[in-house]
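Chemist: Chains X and A are the protein sequences, given in the same order. Start counting at 1 in the first sequence, then tack on 5, and there's your number in the working numbering. Start counting at 1 in the second sequence, then tack on 3, and there's your number in the working numbering.
Note that these hints are calculated values from the structure, not bench results. Careful: at least some of the hints might be erroneous.
[To be verified] Using C-beta positions, here's what the derived DEER-type ranges look like:
# : chain 1 : residue 1 : chain 2 : residue 2 : range
1 : A       : F435      : X       : T136      : 27 to 35 Å
2 : A       : D280      : X       : P7        : 29 to 37 Å
3 : X       : V10       : A       : G68       : 45 to 53 Å
4 : X       : T136      : A       : P464      : 32 to 40 Å
5 : A       : G469      : X       : Y62       : 54 to 62 Å
6 : X       : A35       : A       : P232      : 18 to 26 Å
[Stated by the list, open to error] Sample of chain A residues with no beta-carbon within 10 Å of chain X, all distances over it, derived:
#  : residue
7  : A44
8  : L96
9  : I176
10 : G376
11 : S377
12 : P397
13 : V438
14 : G477
Backbone N, C-alpha and C fix where the C-beta goes; we use that ideal spot for every residue, glycine too.
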Amino acid sequence: MPDIVTEIIHKYNYWLYIILMMIGLYAMIAKNNLIKKLIGMNIFQTAIILFFISIGYKEDATIPIIVGGHGPEMSHQAIEAAQYMNPLPHVLMLTAIVVSVATLGVALALVIMVYQRYQTLEEDEIRMRVTQ
Amino acid sequence: MIAANYPALLVLSPLLAAFVNAALIWVDRRLCYPVTILGLAASALCAWKLLLQVLEEGAVSYWFGGWPPPMGIELYIDKLNILVLLVICVVSLVNIVASKRNIHAELGIKDATFYVIYLLFVTGILGVTATADLFNLYVLIEIASLASYGLLAMGNRDRAPWASLNYVFLGVIGASFYLLGVGYLYIMTGSLNMFDVHSLLPSIMGSSAIVVAFVFCLIGVWIKMALFPLHGWLPNAYAYAPVSASRIIAPLMTKVMIYVMIRLMLSVFGYQYVFEDLQLQSFVLILASVAILAGALLALAQQDLTKMLVYIIVCEVGYMVGGAWLGNANGMTGAILHIVNDALMTFALFLVLGNIAYVHKKTSFQDLRGIFGSMPWTMAGFVLAGVSIIGVPPTCGFFSKWYLIVGGIEAGAWIFVAALILSSLASAVLVFRVVEIAFFPAEDEEHGGHGHQEAVLNEAPLPMLGSLGLVGAGLIAVGVWSGFVVQKIIVPFVHQGMS
Numbered sequence: 006m007p008d009i010v011t012e013i014i015h016k017y018n019y020w021l022y023i024i025l026m027m028i029g030l031y032a033m034i035a036k037n038n039l040i041k042k043l044i045g046m047n048i049f050q051t052a053i054i055l056f057f058i059s060i061g062y063k064e065d066a067t068i069p070i071i072v073g074g075h076g077p078e079m080s081h082q083a084i085e086a087a088q089y090m091n092p093l094p095h096v097l098m099l100t101a102i103v104v105s106v107a108t109l110g111v112a113l114a115l116v117i118m119v120y121q122r123y124q125t126l127e128e129d130e131i132r133m134r135v136t137q
Numbered sequence: 004m005i006a007a008n009y010p011a012l013l014v015l016s017p018l019l020a021a022f023v024n025a026a027l028i029w030v031d032r033r034l035c036y037p038v039t040i041l042g043l044a045a046s047a048l049c050a051w052k053l054l055l056q057v058l059e060e061g062a063v064s065y066w067f068g069g070w071p072p073p074m075g076i077e078l079y080i081d082k083l084n085i086l087v088l089l090v091i092c093v094v095s096l097v098n099i100v101a102s103k104r105n106i107h108a109e110l111g112i113k114d115a116t117f118y119v120i121y122l123l124f125v126t127g128i129l130g131v132t133a134t135a136d137l138f139n140l141y142v143l144i145e146i147a148s149l150a151s152y153g154l155l156a157m158g159n160r161d162r163a164p165w166a167s168l169n170y171v172f173l174g175v176i177g178a179s180f181y182l183l184g185v186g187y188l189y190i191m192t193g194s195l196n197m198f199d200v201h202s203l204l205p206s207i208m209g210s211s212a213i214v215v216a217f218v219f220c221l222i223g224v225w226i227k228m229a230l231f232p233l234h235g236w237l238p239n240a241y242a243y244a245p246v247s248a249s250r251i252i253a254p255l256m257t258k259v260m261i262y263v264m265i266r267l268m269l270s271v272f273g274y275q276y277v278f279e280d281l282q283l284q285s286f287v288l289i290l291a292s293v294a295i296l297a298g299a300l301l302a303l304a305q306q307d308l309t310k311m312l313v314y315i316i317v318c319e320v321g322y323m324v325g326g327a328w329l330g331n332a333n334g335m336t337g338a339i340l341h342i343v344n345d346a347l348m349t350f351a352l353f354l355v356l357g358n359i360a361y362v363h364k365k366t367s368f369q370d371l372r373g374i375f376g377s378m379p380w381t382m383a384g385f386v387l388a389g390v391s392i393i394g395v396p397p398t399c400g401f402f403s404k405w406y407l408i409v410g411g412i413e414a415g416a417w418i419f420v421a422a423l424i425l426s427s428l429a430s431a432v433l434v435f436r437v438v439e440i441a442f443f444p445a446e447d448e449e450h451g452g453h454g455h456q457e458a459v460l461n462e463a464p465l466p467m468l469g470s471l472g473l474v475g476a477g478l479i480a481v482g483v484w485s486g487f488v489v490q491k492i493i494v495p496f497v498h499q500g501m502s
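Chain A extracted, bound-state conformation (with noise of 0.2 Å):
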């Protein structure tokens, strides 16, 4: 009974949660957490068990009332979803658990509501990497970029409400975007399920309303994900938001979006159709390798540790783009790959954020001097996540950029290699630039002239640090155990996609 239900209860229990916190607010505020880790957990245990499923059995599709899917609404769980969920789940529980004294530090009384909205996000992100019905996708978009809407603007007054506007104004955008690429497709099939729109689709393919759907998706999509010219809501949105609302949004949402976008190329419009009949392939990649360079570029001009975050979060989204639109297997492996590493990746760093902003108050490069003495933990942290950004083998960085780059030469994309071999450069300039900042203590310590002060060990607290460890083995995991991701769960999608 339970177990046929996974799907449906994947993506409701965080809403049911959501719901509980809400009436929990007025009885008493302290149950709150509890619920909100009851509500994650269940999703991750789902997801857990559906990948469990989805290996033994195959793909797992659940009708919603029994209704069969061309006419019903249908959740559908295959190959390449469940790895998005599962992180979506990991990062989600991981999160809150680190971030119970930032929300309180931040956002005092109001850390209830947070945990409310936190929810929403979380449910509305699920939704849309499980559904399989094109509209439903656009209504949980939404339902996840309000709450991220709501989630960034709590966090520092003089600005956040502003970049929040900002967003709001491009997330709609995108979002409308997307939406009439829908209604184009409807026109043109009659139906809103994924599935049976990719059957429908090859008769019509000629015509040009459906290169319309298609563009117009794409670039609600891209709006979204902050591909390059389209990025100039995320930096502030981010900068400002409260450091344990961005370091969940950050990851994910862009990933996210960047799922849809491969879904919408492989499952609904089909490979022979994105990559065959329309040219748009060269234009892309020129494009990704842009948003790869100016990524990299703008983030070397910053000097706010949380600023050079958000500008690598940039740069990654054009590796993806541009790996999933190389056209070959193993670009699409290397950006499906790096859709996990990289969440796993920018949640470790946006932990480090998190630690030092509770510590420090402060994350620009000035006030970081000397901070390896105080957070020594902390600061092995973040060499791990900057090693694994940079690509160094034993952790997941390299091997998506090694599939990324192999499919690149493949496709003899050169823009597209010589993008990433300098942005690897650039962020191991970024990376170490930070650390030389911080093993080095502060100037006027120096030349005060009584020497060598020992640091102050003032560490983030446990539960903190905890999560920063977790996530840190979980780096050099993922990578030790790619191979195996990838032979039995990519590999099989990608090769039923691309044929």
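Just chain X, same shape as in the assembly (with noise of 0.2 Å):
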């Protein structure tokens, strides 16, 4: 039991990023509210984000950026792998902030199409108007 513990302490990043993510599904799934619904998608394409940003996270790690400046004088120097935190994941994920950003937007403008048909945001009466 306690190795369940320690590894769940652990690895708690992991964990973090599960819970919001299924947050996110139950909002996307169980919300009658498209509003709400959107907010779901967000929290969900989040934890995806922040799963990423915790992989590149390394303890007592620096930014990638070599203190003491550049010159000839520095490229002797031994650059040590461990010291830096691995800039990709963090790279890529501005790439994916501005992709959720983008079907946000996108998903807004659909609502706003919707509720200007129908008069309401709600799911239940949409679809009770679109089958009359």
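Work from the hints to combine the two standalone chains into their complex.
Modeler: In structure tokens form, the structure reads like this:
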């Protein structure tokens, strides 16, 4: 039993992202209001962004910029990869954030179109009016 | 100079045309159409040149900015994706030629906006097909998806935005699952280049994280391609869209995602891992068989030509997923050939739909009565495409079905073979039902007591008929030349991928 607890504490970032993802998924499936669904969708995407960010993190590491500047006297100095965080997941997530912002924008525009047509954001009411 | 940059030009020329178009909206909207044609034609030319190059010298690898692959971003074009690229270019070009009047009739002043989003969609799917980088694949899937949300929402104002919104929700879940899978792969290998990942994987194959990565990627791609239990977003999104949008998204989006699945299976995870280490094969085959039967049954239940066609797509997705998972060369050959064939067949059917929608505005079965009299050429195109869907020899549908069935028998997947044959019967029923309805004139005319009235010829305009004729000829040409395509292009790739 203590094994599992230490395992959970040791990899808390994975558990956090899974919990966030499930909250987002729950909101997308169970909520009736379109805006709440959108918020759930955004939580879902953010969870994955957090997951990527957390895998680039390292204990006691710094940003990947060589301290002390540059120039010929720096080039011989060995670079210890262990001292620096991996910048790639962070850079990837910049792109993913842009994608999720774009998705949210398109989705909000669609919600506005739906609202203009049906004067409501509750999904069951929209469904009722569609089948009429 | 230009010859070396064909892969980049292939993807970038529609993007450039989109930017030029976005600027031209403010100058003169009439210029947008020629620019669109120009951008797509440039892509098609690049794809054709690349096909010749790939046939002669083998795979083409393009390094952006001259950075070599594991570090830099690579476009990789080999015998598998050049076929898909060529189909995308041809379909998008022919569609825009055929759609000009549809777009004007349905969208009016918004036509220039439509062209811009259309070009972005083509950029997205071309990029998905050409890239060799797993993260870029995600970004380009999202570009194509975002463009398709926009295109699909431009249709019927009552239903299209809501249908498109549901597509957004499921599309985001699909793409996010794929991204999650890529994340796990990145943790395990530290690389995002497909071929680099492939070379790094064998040492860590036992890890459960790799299984999770594969399953996440697979589920993401399945949602995007609308495999049966995950197909819920597709019917409404396509049925209420403007016909000129649905007839490019319907043939291409699902096929491109199937290409992505085959690419992941063969080039990233590898034959050994997918078919021998993982025990998923029988499960996926049952899933595919259920998808085929469910798609066919749902198509039989429809009373509207548009809805019938979208459920045929659900059915055909099952064919290709099943073929790819048979795990032998014939099944894989059939699946790849069916990507090309099904894109053309679906495109031909949606062209027919576009012609009918342009002339009659309605596509339910009651409105199709006696349509043979007024639109003989369009309906001839429907019969040809329908015959191809059923799988009658001179047309291309027969050959891919043949490979799929032979592969199914070799693998002993009898449920899959039975599903294939049953769904072929179902599609025969579907096609002949439409032909029967369309052949006999409307009942009220017969009961009117005026005898047999001569139907007034009311055909679609020439560009639309010409495109349909071209695609119809293409259906037969691809069928006749399928031996060449299989021997020169598909079989070498399949043998390399499955060894």
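Chemist: Determine for every hint whether it applies to the structure shown.
Modeler: Here is what the structure says about each hint:
| no. | hint | result |
| --- | --- | --- |
| 1 | F435(A) to T136(X): 27 to 35 Å | holds, 31 Å |
| 2 | D280(A) to P7(X): 29 to 37 Å | holds, 33 Å |
| 3 | V10(X) to G68(A): 45 to 53 Å | holds, 48 Å |
| 4 | T136(X) to P464(A): 32 to 40 Å | holds, 36 Å |
| 5 | G469(A) to Y62(X): 54 to 62 Å | holds, 59 Å |
| 6 | A35(X) to P232(A): 18 to 26 Å | holds, 19 Å |
| 7 | A44 | holds, 28 Å |
| 8 | L96 | holds, 26 Å |
| 9 | I176 | violated, 7 Å |
| 10 | G376 | holds, 35 Å |
| 11 | S377 | holds, 32 Å |
| 12 | P397 | holds, 44 Å |
| 13 | V438 | holds, 31 Å |
| 14 | G477 | holds, 34 Å |
The structure does not agree with numbered hint 9 stated previously, though it agrees with all others.
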